[in-house]
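Engineer: Those protein sequence lines, which keep their order, are chains A and B. Residue numbers for the first sequence, in this note's numbering: 1 to 536. Residue numbers for the second sequence, in this note's numbering: 1 to 89.
Zero decoy hints are in this set.
In silico lysine-lysine, PhoX-like type, Cα no more than 25 Å apart, as pairs:
1. B:K55 with A:K274
2. A:K525 with B:K22
3. A:K432 with A:K388
Covered, in the sense of this in silico footprint (three residues per stretch, anywhere, with C-beta under 8 Å from a C-beta of chain A), are these stretches of chain B:
4. 24-30
5. 39-51
6. 59-68
Keep in mind that the hints were calculated from the coordinates and are not lab data. Even glycine gets a Cβ: it sits at the ideal position worked out from N, Cα and C.
Listed below, chain by chain, are the residues.
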Amino acid sequence: MTLLLQHWVTAQAARRPGAGALVFKRERLTYEALELASNRLAHLLKDAGCARGDRVCLLTPKSPAAIIAILGVLKADAVYVPLDPGSPLPRLEKMIASCDNRWILASGGRAVGPTLEGLSAAPGFADTHSIGWLGTDAPPAGVTAQFSLADLTAYPSTLPPSANGPRDAAHILFTSGSTGVPKGVVISHASVRAFIEWAVSYFGTAPTDRISGHPPLHFDLSTFDMFGTFAAGAELHLVPPELNLLPHKLAELIRSAELTQWFSVPSVLNYMAKFDVVREGDFPSLRRVLWCGEVFPTPPLMYWMQRVPHATFTNLYGPTEATIASSYYTVPSCPASEDEAIPIGQACGGEQLLVLDDALRPVPPGEVGELYIRGAGLSPGYWRDPAKTQGAFLPYPGGTDPDDRIYRTGDLATVGPDGLVRFLGRADSQIKTRGYRVELGEIETALHVLGTLRECAVVGVASQDFDGVAICCAFTPLPGADVTPASLREALARSLPPYMLPSRWLVFPELPKTTNGKIDRRRLKELFAPETVAVQ
Amino acid sequence: MMTASPIAAAAVQAELAAIFAKHLHIDVPTPETDLVATGQLDSLGVVELLLQLEKHFGLRLDMEDLEIDPFRSLATLTAFIITHRSGGH
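One chain only, chain B, in its complex shape (with noise of 0.2 Å):
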């Protein structure tokens, strides 16, 4: 399990915050916010979050490989992002 300093955390999550607000236009309350269970997150927002994942962290996500769980929360989607970072780029 990789950890990463609580700066490149928060680094992270701000970024995340901005990609929400600006590409998805969804203000996000607070990052334990359950995206899923409130309907803030759909399918197209789901492709649209991929597209900037790439753009802003390098990350080539393979749609099959992907769980549902990672994107429940700003958090969630924080520690997903820093495991697969840190794991092959």
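Pulled out of the complex, with its shape left as it was, chain A reads as follows (with noise of 0.2 Å):
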């Protein structure tokens, strides 16, 4: 009966209201309070004029707040586009100008209030744009709000009747494009429900188990947390953003939560193995441990796996474009040895991976190719941009219907004799650092906006530490302006999200150079390999 992302949750109201739904530090939603709550705030956004496929952006940090939005928007048969809130306000305005949207939901005073004031001070905007404040405390000075979270109570508690079918878009999702762009990759309801109907069966999920929602909600694993949870019946516990700076107070939570399911990026559970936070034993109601983004080291994973021997390992992979994860792999014991890679594995159901040539045809097992990914996941494209799509997502080879497609993923990949798909690395210049998505392009094209560099490279480099791999910038100032890395890296935030800017850098008076002329990134790849760079 469930069609639509949201009809999890009113299911589950209707069946258990009192149970729990969502925690976060000392908030407690019932799944009854989360489908009276988010069923009024769609009827206020229909009300308000929001129509079917308008897109609805989201500024506001996770928290139950940011949840009702999620389902209030989608009940009124919008789609939802969460923004970083830390993403600087030029990115913002990029992201938002393309979305052609009206309402902004948002919350969250000191991280998100000069974004919204940088936003409202923008001419024209008050024409185009409304505000819906979603905050307890009183919106931003500057800030004016067509209406606050206390305006809900005026409207019907009552589902609202849904015109959306499975094929229609959910939410919107933006990822770094390589010519300072980000691209907003469009998500259908019907993928959702294919990977968590799929990893609901898969992984057991049941109304006892208590979930960590640790990734932010601009990212894609968060649909994952979010509507797993919400599918089984368990109960969703928001991490609060601020334990990843400390090892300990994510084990501590893990801990006195008593969580079921932990599911990150590997660097998190890195950082976690690195200050050896997990004691032996560790977490007696833990049962999952999964992790999707990018490669976790093996050293790391073995620590876990012998401290938590009670719980499973899953690697999950795929891009954003085929919805959460296409490929899975159950780590069936604990490595013997420290260089065993673990494979990406096999496709989740309804999905297929395929490694394939030049020419689009299937490499023999054991040699390299590029990864495409066919299946139910599949988003319909990227929003409004069909010569990116057209880029990406192919035809089906020797297909005869047009929705049987292709996503070309950029990775490189080998098919194992065990039939197992194995990440070799990637076959153009992004990078993931901390499980996000980079293009060095982006990073790039956002140096030279500054105008005082003469030449510069951004590289990526496999780090030592836990983030995966390092952005390195090396540079050449323009005669006479004063740069250094610290000026260099302010004037790069104004225009890039925290985790885009380099953490390694060095200043050349020329960059090296290949015989052909062009700037020699594997030399400088080698010039940052040494942990010790710093420049002076």
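From these two lone chains plus the hints, build me the complex, please.
Structural biologist: Structure below.
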């Protein structure tokens, strides 16, 4: 009966209204409370003119209000666009402009206030946009809110009728774009549903589960946490982002909330291992540890598996364009050696992984090819960008149905004799750092725009630390320009989010070149490789 | 509660600002800027910071004893350093 994502909450609220749906710090929401609040918000949005298919941008840190907003937008037959409140204003403005939207739902005083004030101050913004304030505090000065949380009580708590179907868009997620403009990936209800139904069945998610909500909401893994929890009638424990600073605080949360499932990017698990905050036999309630977004190095995986032998450990793999994850591999037992590579495994239900050559023919087992994904998770494409969509989503070779498409991941892979797929790296200059997907070209574009550098190059270097790949910037200042790594970083921070800022810097009188005059990126990587690099 | 002279506190804060610029590549706008809420300080930054606190102030801190609040701003970090330095070293 459940057709659309929000209906999982509706079903749970009917069956077990008093059961806990959501926990965040000291706040706790039952399924009934979540259902009624999001129903009211949907009525309000529709009443205010929000139409089917309209985009509603969310500028709200992870919180119960944010989850209510997501469900409310879906129940209004609209599309939610979770934006990173930590992103700088110019980047947010680009994303909001490309959404061509009216509504912005916001909350979160200190983190969001200056951003909202900046948006509101732009000429013409107030004529084209309306802000709904979901904070329990007053909206920031300089921001006119069309409605606030208190106004919700005036609206009916019944579920509004829905005209949407499974193929309609549920959300748009922005990812880094190599030319400096983030791309909006459109994801349908049906794609999320297909993954969630597979995952709930494969993992055996139950109403007794207490599930971590670690990734931020603009990260597509968070849709698994949310809807995986709601589909099973379990309880979602949103992890306060500041806990990421101190690994023992994360461990304390897993212990005290008695979480049964932990899902995060590997760098978080690695950070906890590095500071040895997991005890022998720790987290007795924990049944599953899942990661996605980048390679989890084997040594910290062994650390975890030795200390938490009662849990299963599953590697999920998949780009945003194919919805949450497309393949999985549950590690059968603790790896015997630190250099044992963990496969990305086999396709999740309804998906297919294809390792193809340049002519889109399958490569023989053991040979390297590019990884393509086919199946239920595929996005209809990039928001209002047919050129990029056509470049990345191709017709299935030999297929006759125009809906039968494959997505080019840009990842290099090989299929082993065991039939399991192994990830080998990237075919382009995209990197993963702490699970975030970053186009190095977007950083270089932002550096060039500053106008203080004669030359610059950004490379990714495998890090001995827990961040996976370190972003490294080599630069040559323009004559007379007074630039330091700190001043460049500060200038970049006005256009890029914190996770895209380079952490290592080298200044050159001239960047090293290859024999045909191109910047020698391989040489730069070697120069950045020592951990000791620091600029005086 | 230990109190430090304003001069000592100012010196610690200035040294911290220099550490942020040189080792974390962050120019902190004001001593009160919330480094956590603004996302400027991340886990890698914390690790680098702990290393530098030991080098510059002789603070040997046990991760397990740390709370998040001292890391919020240069001002809170300054108070934290003064308390811990006078506490045992």
